[in-house]
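> These are the residues of each chain, in order.
There are 2 protein chains.
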Amino acid sequence: MAQKPSIPKGTRDFSPIEIAKRSYITSIIKEQFQLFGFHPIETPSFENSDTLMGKYGEEGDRLIFKILNSGNFFFNKNKINLPKSIDTLLNNSADKIESDERIELNKFTGLISEKALRYDLTVPFARYVVQHQNEIDFPFKRYQIQPVWRADRPQKGRFREFYQCDADVVGSKSLWQEVDFIQLYDAVFTKLGLKGVTIKMNNRKILSGIAEVIGASDKLIDFTVALDKLDKIGEEGVKEEMLAKGISETAIEKVQPLFTFTGTASEKIRQLKELLSSSDVGMKGVAELEFIINTLQEIPLSTASLDLDITLARGLNYYTGAIFEVSAPDGINMGSIGGGGRYDDLTGIFGLKNVSGVGISFGLDRIYLVLEELGLFPETVAPSTKALFINFGEAEAFYCFKTIRKLRNNGIIAELYPDSSKMNKQMKYANNRTIPFVILAGTSEMENNKYTIKNMQSGNQQEVDFDQLQALLK
Amino acid sequence: MAQKPSIPKGTRDFSPIEIAKRSYITSIIKEQFQLFGFHPIETPSFENSDTLMGKYGEEGDRLIFKILNSGNFFFNKNKINLPKSIDTLLNNSADKIESDERIELNKFTGLISEKALRYDLTVPFARYVVQHQNEIDFPFKRYQIQPVWRADRPQKGRFREFYQCDADVVGSKSLWQEVDFIQLYDAVFTKLGLKGVTIKMNNRKILSGIAEVIGASDKLIDFTVALDKLDKIGEEGVKEEMLAKGISETAIEKVQPLFTFTGTASEKIRQLKELLSSSDVGMKGVAELEFIINTLQEIPLSTASLDLDITLARGLNYYTGAIFEVSAPDGINMGSIGGGGRYDDLTGIFGLKNVSGVGISFGLDRIYLVLEELGLFPETVAPSTKALFINFGEAEAFYCFKTIRKLRNNGIIAELYPDSSKMNKQMKYANNRTIPFVILAGTSEMENNKYTIKNMQSGNQQEVDFDQLQALLK
Chain A
1 MAQKPSIPKG TRDFSPIEIA KRSYITSIIK EQFQLFGFHP IETPSFENSD
51 TLMGKYGEEG DRLIFKILNS GNFFFNKNKI NLPKSIDTLL NNSADKIESD
101 ERIELNKFTG LISEKALRYD LTVPFARYVV QHQNEIDFPF KRYQIQPVWR
151 ADRPQKGRFR EFYQCDADVV GSKSLWQEVD FIQLYDAVFT KLGLKGVTIK
201 MNNRKILSGI AEVIGASDKL IDFTVALDKL DKIGEEGVKE EMLAKGISET
251 AIEKVQPLFT FTGTASEKIR QLKELLSSSD VGMKGVAELE FIINTLQEIP
301 LSTASLDLDI TLARGLNYYT GAIFEVSAPD GINMGSIGGG GRYDDLTGIF
351 GLKNVSGVGI SFGLDRIYLV LEELGLFPET VAPSTKALFI NFGEAEAFYC
401 FKTIRKLRNN GIIAELYPDS SKMNKQMKYA NNRTIPFVIL AGTSEMENNK
451 YTIKNMQSGN QQEVDFDQLQ ALLK
Chain B
1001 MAQKPSIPKG TRDFSPIEIA KRSYITSIIK EQFQLFGFHP IETPSFENSD
1051 TLMGKYGEEG DRLIFKILNS GNFFFNKNKI NLPKSIDTLL NNSADKIESD
1101 ERIELNKFTG LISEKALRYD LTVPFARYVV QHQNEIDFPF KRYQIQPVWR
1151 ADRPQKGRFR EFYQCDADVV GSKSLWQEVD FIQLYDAVFT KLGLKGVTIK
1201 MNNRKILSGI AEVIGASDKL IDFTVALDKL DKIGEEGVKE EMLAKGISET
1251 AIEKVQPLFT FTGTASEKIR QLKELLSSSD VGMKGVAELE FIINTLQEIP
1301 LSTASLDLDI TLARGLNYYT GAIFEVSAPD GINMGSIGGG GRYDDLTGIF
1351 GLKNVSGVGI SFGLDRIYLV LEELGLFPET VAPSTKALFI NFGEAEAFYC
1401 FKTIRKLRNN GIIAELYPDS SKMNKQMKYA NNRTIPFVIL AGTSEMENNK
1451 YTIKNMQSGN QQEVDFDQLQ ALLK
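Protein chains in written order, with the numbering used here: chain A, 1 to 474; chain B, 1001 to 1474.
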């Protein structure tokens, strides 16, 4: 291979410093997950295709990475019946394929691929809960920090391999879980020193209530998308867009208060109560929000603020109660850095009915970018070498190596430069790695059982015995 | 989906307790990697196929998991020239495929799959070093703990997805690296409490020397395999097998001392010097071993022992110097729990010549099984909930929740039972999770700002204030 090697688009190599910074974030997330009583699980990187396919919509299916059957993959099932026209299909270009031919192709894919890389952590978790239901005590609080893969078009901040950090509870409908998750968000971002994040909250039942009131469930997404532009295009602009999308003038009038939907959470709750009074499901959503908001007024958040945002509709397809999204502090141009919600029938897709789940996720890559932008990483995020022992030759190296062993036993990171190279080269190695101390031990030091320790920042050096050396390096 | 979901064969779900035990092992490995001056990197789960293919031999290529091109994968390259006979091929059964048809099929696979899951950490590391050579200061000491995937036939202790824990140095030929790696093995197994492991060592140059002496380089593997059976089938049995494999009687006579190859490392070195005196490369290998052995006699290992084993030939294809393998303590029936060696041209496959590397690997799954068998896991391997607050209803839950927040701020893992279920159910939850303390706070406790704390093991309970509560839970 003559040309310089590369990695697939949308994937990344992580250098030691990047790993250290990522570990800094995940260790704080993990610590808080544990403090809140969550336990870790891990699931395989690939699942049976039928576990994943059909769970993320048509677009999702397309973005799932499929793995070729191994061995003589075409023949795993002895004699398979292939779509008749496969040869023709294979020799056609993409835009010439008819819809029913596409179905044939999908069948073919199914024959040569039975496994797929996980697309998120939620579906594998649902599969885990159903498969292990007899070993699990409900409510089950689990966290999971693992990579997922999506065949998305890569762009800034969007990768084909990235980590998700999820915490979920299944088997309890208690709203205390929602309160706990908001506290958990607050605790993590506070520990990360990232003050001023906004936890936006909505409730699927309120969206259903609005749909009832405007008399058009099918227009709900158009409605929320348009309303979300209020800041940018003003009330008239929003109304125009709604009309254009086929929402009637009467419907728009009915929810007029939403156009002036500002104020504190309590004021918003009051307005919602008026607006949704005719909708049972809507009022149930308001009551749920109210409980959470009232509780958090008494047990306030440390650094995050809570905002009721009725345009929040993420994951509308499967959330059934609370919907969360976290945005970075004002002035940081970054999408959501976390999100989650409640789904009343998480495990139903795998045959276990009536198990409610609620969970949140942290967006590791974006949190990383925000901390970087705001200079919030601590100066030292990783343990690094404290002392480099200069290698003057075999006898000296031997003397140093014995010392290094003793230092390591006391938790001090020390290294011997592996070759007796020129002094310059060895010093450069220490400098490039910002190793704070260099130890020099030549014949005279060895005779007296001493070491010359050089402080690389000040340039000062002194001769010391082992105890002094160890004390200086501690 | 009616049937209970499952996971692909050879893969595993990990429960919280399994994760905790695995983390216990990897955290000790990581800590020692860092103490020895290694830095972490991570590479993508999948690489371009041509990065991996052809690096692990024909068998290896077959075991690499290939990923289907995403989207309309057949058409990524607009119009592709397919093997003419593809349709016939696809409809044949595996045993009917001729060798040149297989080549056609491989071509076809190449067209529909351009990425593959990594098979080990060494080749991606070599790729990383070449790709980032301008950002790296050599010698570069890196560690990497990530999963790898192999389409192997699953069996006890062999999985299709498993973690490798590797540490390598590239860019130095110093034998101090070998000494350091043996010390590193010793440090890790000592910390794990796994006393009595044997670090077996050999050197590729000694094997080359033997080949020279017996005059048959191509018979070297047959030779070492046969010699390895000395314990089981005795000297005559071994000689018979060698003759059967086509090794001449004269050759066998020349290396007669190997049949009585016992004693201390120093004695073995002396015998090897005599035996290999006519081979330059062999004598170089002996000198390398001698340096390592002499050094480690002066700087002894803590709990591991070092053994010179000239039948050790793992990775014969690419190791060029030291070869290591670690075996579990006597009486434990488990293959190697670690291995490694030196390869003088690690990065040559990617066009960067003359970069020597040496490294070792820890077998996480097997180490887990050994620790389990010997009962060496600490009693508590994971942080777990210290106190469960019983939920008597909204007002009480509210009172408890405020307390829980304060406890968590002080690092105490505390939880509220999410629903005001029957007392029995809540106590059972605490019992099943072996939560040591249950906190009860009803109307009377609330009025007096107190808590009733119940020790779940002794059954004792007492009323305390917050400070006392916190002290008891610390």
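These are computed hints drawn from the structure, not numbers from a lab. We put the CB at the ideal spot given by N, CA and C, even for glycine. Take the hints with a grain of salt, since some may be wrong.
[What the hints assert, rightly or not] As a list, the in silico EDC-like pairs of lysine to aspartate or glutamate whose alpha-carbon atoms are at most 20 Å apart:
id, chain 1, residue 1, chain 2, residue 2
1, B, Lys1239, B, Asp1309
2, B, Lys1021, A, Glu42
3, B, Lys1284, A, Glu290
4, A, Lys254, A, Asp228
5, A, Lys428, A, Asp465
6, A, Lys30, B, Glu1288
7, B, Lys1030, A, Glu18
8, B, Lys1004, A, Glu135
9, B, Lys1284, B, Glu1372
10, B, Lys1402, B, Asp1419
11, A, Lys9, B, Asp1309
12, B, Lys1009, A, Glu42
13, A, Lys428, B, Asp1222
14, A, Lys422, B, Asp1137
15, A, Lys284, B, Asp1419
16, B, Lys1428, A, Asp137
17, A, Lys9, A, Glu114
18, B, Lys1422, A, Glu18
19, A, Lys402, A, Asp345
20, A, Lys406, B, Asp1222
21, B, Lys1254, B, Glu1298
22, B, Lys1173, A, Glu135
23, B, Lys1284, A, Asp419
24, B, Lys1009, A, Glu445
25, B, Lys1004, A, Asp345
26, B, Lys1021, A, Glu18
[Unchecked claim] Ranges of calculated distance between the beta carbons of each label pair, as one might list FRET restraints:
id, chain 1, residue 1, chain 2, residue 2, range
27, A, Arg62, B, Gly1411, 17 to 23 Å
28, A, Asp218, B, Lys1474, 52 to 58 Å
29, B, Thr1198, A, Asn449, 30 to 36 Å
30, B, Ile1299, A, Ser27, 32 to 38 Å
31, B, Glu1463, A, Gln468, 50 to 56 Å
32, B, Ser1302, A, Gln468, 44 to 50 Å
33, A, Met423, B, Thr1198, 48 to 54 Å
34, A, Lys229, B, Lys1402, 37 to 43 Å
35, A, Lys406, B, Asp1307, 24 to 30 Å
36, A, Asn424, B, Met1334, 45 to 51 Å
[Stated by the list, open to error] Per the computed footprint, the stretches of chain B lying under chain A, defined by three or more beta-carbons under 8 Å from a beta-carbon of chain A, are:
id, stretch
37, 1029-1039
38, 1149-1162
39, 1195-1208
40, 1220-1230
> For every hint, state whether the structure bears it out.
Results of checking the hints against the structure:
1. B:Lys1239 <-> B:Asp1309: holds, 18 Å
2. B:Lys1021 <-> A:Glu42: holds, 13 Å
3. B:Lys1284 <-> A:Glu290: violated, 79 Å
4. A:Lys254 <-> A:Asp228: holds, 18 Å
5. A:Lys428 <-> A:Asp465: Cα-Cα ~25 Å, so violated.
6. A:Lys30 <-> B:Glu1288: The given pair, whose Cα atoms are some 45 Å apart, is violated under the 20 Å limit.
7. B:Lys1030 <-> A:Glu18: holds, 16 Å
8. B:Lys1004 <-> A:Glu135: Roughly 14 Å between the alpha carbons, so the hint for Lys1004 of chain B and Glu135 of chain A holds.
9. B:Lys1284 <-> B:Glu1372: violated, 41 Å
10. B:Lys1402 <-> B:Asp1419: It holds: about 16 Å lies between the C-alpha atoms, which stays within 20 Å.
11. A:Lys9 <-> B:Asp1309: violated, 45 Å
12. B:Lys1009 <-> A:Glu42: Judged against 20 Å, a Cα distance of about 16 Å means the pair holds.
13. A:Lys428 <-> B:Asp1222: violated, 48 Å
14. A:Lys422 <-> B:Asp1137: Holds, because 16 Å separates the two Cα atoms, which is no more than 20 Å.
15. A:Lys284 <-> B:Asp1419: holds, 18 Å
16. B:Lys1428 <-> A:Asp137: holds, 10 Å
17. A:Lys9 <-> A:Glu114: Measuring from Cα to Cα gives roughly 24 Å; hence the hint is violated.
18. B:Lys1422 <-> A:Glu18: This hinted pair is violated, its Cα atoms lying about 49 Å apart.
19. A:Lys402 <-> A:Asp345: violated, 62 Å
20. A:Lys406 <-> B:Asp1222: violated, 43 Å
21. B:Lys1254 <-> B:Glu1298: violated, 34 Å
22. B:Lys1173 <-> A:Glu135: violated, 52 Å
23. B:Lys1284 <-> A:Asp419: Cα-Cα ~18 Å, so holds.
24. B:Lys1009 <-> A:Glu445: Answer violated: Lys1009 of chain B to Glu445 of chain A is near 61 Å, above 20 Å.
25. B:Lys1004 <-> A:Asp345: holds, 16 Å
26. B:Lys1021 <-> A:Glu18: violated, 26 Å
27. A:Arg62 <-> B:Gly1411: 17 to 23 Å: Violated: the Cβ-Cβ distance is about 46 Å, outside 17 to 23 Å.
28. A:Asp218 <-> B:Lys1474: 52 to 58 Å: holds, 57 Å
29. B:Thr1198 <-> A:Asn449: 30 to 36 Å: At 34 Å between Cβs, range holds.
30. B:Ile1299 <-> A:Ser27: 32 to 38 Å: holds, 34 Å
31. B:Glu1463 <-> A:Gln468: 50 to 56 Å: Roughly 54 Å apart at Cβ, these two residues keep to the hinted range, so it holds.
32. B:Ser1302 <-> A:Gln468: 44 to 50 Å: Violated, at about 25 Å.
33. A:Met423 <-> B:Thr1198: 48 to 54 Å: violated, 39 Å
34. A:Lys229 <-> B:Lys1402: 37 to 43 Å: holds, 40 Å
35. A:Lys406 <-> B:Asp1307: 24 to 30 Å: holds, 25 Å
36. A:Asn424 <-> B:Met1334: 45 to 51 Å: For Asn424 of chain A and Met1334 of chain B the Cβ distance comes to about 48 Å; the hint holds.
37. 1029-1039: Held - the stretch 1029-1039 of chain B has 5 residues with a Cβ nearer than 8 Å to chain A, which meets the minimum of three.
38. 1149-1162: holds (count 3)
39. 1195-1208: It is violated: at least three residues are needed, and the stretch 1195-1208 of chain B offers just 0 whose Cβ sits closer than 8 Å to chain A.
40. 1220-1230: violated (count 0)
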